[in-house]
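K.L.:
Below are the chains, spelled out letter by letter.
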Amino acid sequence: MSAEQGSGSRIVSWTGRFRERSLKALPPEKLLPETQPSYVASWIYVFGMGSIAALGYVIVSGCVLALNGPAWYHVSAFGHFINSTHLWSVELFFMFMVIHLWGKFWMASWRGGRALTWITGVLAFVVSIVTAFTGYLLQTNFDSEWIAFQAKDALNAVGVGAWFNVANLGQILMWHIVLLPLAVGAVVVLHVLLVRAHGVVPPLEAAETDSQLRNLQLRDAAGTLETGEGDLS
Amino acid sequence: MVAQGIFLGWGQFTIQLGNLIVIIAMVVLFVLALLLPFPGGRGRR
Numbered sequence: 001m002s003a004e005q006g007s008g009s010r011i012v013s014w015t016g017r018f019r020e021r022s023l024k025a026l027p028p029e030k031l032l033p034e035t036q037p038s039y040v041a042s043w044i045y046v047f048g049m050g051s052i053a054a055l056g057y058v059i060v061s062g063c064v065l066a067l068n069g070p071a072w073y074h075v076s077a078f079g080h081f082i083n084s085t086h087l088w089s090v091e092l093f094f095m096f097m098v099i100h101l102w103g104k105f106w107m108a109s110w111r112g113g114r115a116l117t118w119i120t121g122v123l124a125f126v127v128s129i130v131t132a133f134t135g136y137l138l139q140t141n142f143d144s145e146w147i148a149f150q151a152k153d154a155l156n157a158v159g160v161g162a163w164f165n166v167a168n169l170g171q172i173l174m175w176h177i178v179l180l181p182l183a184v185g186a187v188v189v190l191h192v193l194l195v196r197a198h199g200v201v202p203p204l205e206a207a208e209t210d211s212q213l214r215n216l217q218l219r220d221a222a223g224t225l226e227t228g229e230g231d232l233s
Numbered sequence: 001m002v003a004q005g006i007f008l009g010w011g012q013f014t015i016q017l018g019n020l021i022v023i024i025a026m027v028v029l030f031v032l033a034l035l036l037p038f039p040g041g042r043g044r045r
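Sequence lines, in order, name chains U and Y. As numbered in our numbering, residues 1 to 233 make up the first sequence, in order. As numbered in our numbering, residues 1 to 45 make up the second sequence, in order.
Simulated from the structure, these hints should not be mistaken for lab results. A few of these clues could be false.
To be verified - With the C-beta cut set under 8 Å, the calculated list includes, among others, these residues of chain U facing chain Y:
{"no.": "1", "residue": "Ser89"}
{"no.": "2", "residue": "Ile99"}
{"no.": "3", "residue": "Trp102"}
{"no.": "4", "residue": "Glu145"}
Unchecked claim - Label-pair restraints from in silico Cβ distances:
{"no.": "5", "chain 1": "U", "residue 1": "Gln171", "chain 2": "Y", "residue 2": "Ile21", "range": "19 to 25 Å"}
{"no.": "6", "chain 1": "U", "residue 1": "Pro70", "chain 2": "Y", "residue 2": "Ile15", "range": "28 to 34 Å"}
{"no.": "7", "chain 1": "Y", "residue 1": "Gln4", "chain 2": "U", "residue 2": "Gln36", "range": "44 to 50 Å"}
Fair warning: this is a prediction, and the values are worked out from it, not measured in the lab. Backbone N, C-alpha and C fix where the C-beta goes; we use that ideal spot for every residue, glycine too.
Required output: the full structure, derived from the provided sequences and hints.
P.N.:
If you want it as structure tokens, here you go:
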């Protein structure tokens, strides 16, 4: 039930164990580092942060739209402007995220025990696409009506149409402004925490500088020695 | 009314001009990110 703490005091509850595990996985100097490896000084490493900045504006502009409502953002000039910036920040978010994806794909960024970082990136991309699609359904015009009636056929074909009804404006509004932003936010936070915990992946030609890759290679080498694998004698 | 948009087509393949511009912009940004030097990048350890 209890475990010994480094300082000598005892941990008696789940909060203490959670704190200890969190600090071990992500100590403060890893969570908020002051320096990065030299290979991070490249434009290709900028697009992850660009995606987060665009997502930040998407959320802020979405909050402004939610505060004032459709009668404001469809009718007033300023409301229309904020509505348009909400759309264009989503465009930027996806552009930066796709360039980030290309960069990381050709960098094989799942190396060095970073598979979960890669998987959460894929999840963030997929959940963001669903969130953006529900945004198209909230334009309250013929365009959104057309998109909803095309999408319902696909959703009915996979068997979820009765529950996730794209022609139900109220339900789709709730998904778009509550559930899906929470999901995107949670996945993005987890993705960033994993990047902090495992460090930024190095380019292929700088693999030997990465401690996680070196540790894995050493572990593999130790495993090979133990099992006698590769022993020709 | 919403404008129809400009569509480009080559045989079976069609694409809206706006979508094509976004895709080209992404490819250009990706290539520039690989080629352009990062300010203050030199001399770092």
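K.L.:
Evaluate the given range 19 to 25 Å for the C-beta pair formed by Gln171/U and Ile21/Y.
P.N.:
violated (34 Å)
K.L.:
Against chain Y, with CB atoms and a cut of 8 Å, does the hint on Ile99/U hold up?
P.N.:
Holds. Min distance 5 Å.
K.L.:
Does Glu145/U pass the interface check with chain Y, least Cβ-Cβ distance below 8 Å?
P.N.:
This hint is violated: Glu145/U lies away from chain Y, its Cβ roughly 12 Å from the closest one there, beyond 8 Å.
K.L.:
Against chain Y, with CB atoms and a cut of 8 Å, does the hint on Trp102/U hold up?
P.N.:
holds (6 Å)
K.L.:
Range hint 44 to 50 Å: satisfied by the CB atoms of Gln4/Y and Gln36/U?
P.N.:
Because 48 Å falls inside the window, the suggested range holds.
K.L.:
Would the hint on Ser89/U be counted as holding, given a Cβ-Cβ threshold of 8 Å to chain Y?
P.N.:
violated (14 Å)
K.L.:
Holds or violated: the 28 to 34 Å window for the beta-carbon distance between Pro70/U and Ile15/Y?
P.N.:
The hinted range 28 to 34 Å holds for Pro70/U and Ile15/Y, with Cβ atoms some 31 Å apart.
Comparing the model with each earlier hint shows violations of hints 1, 4, 5; every other hint is respected.
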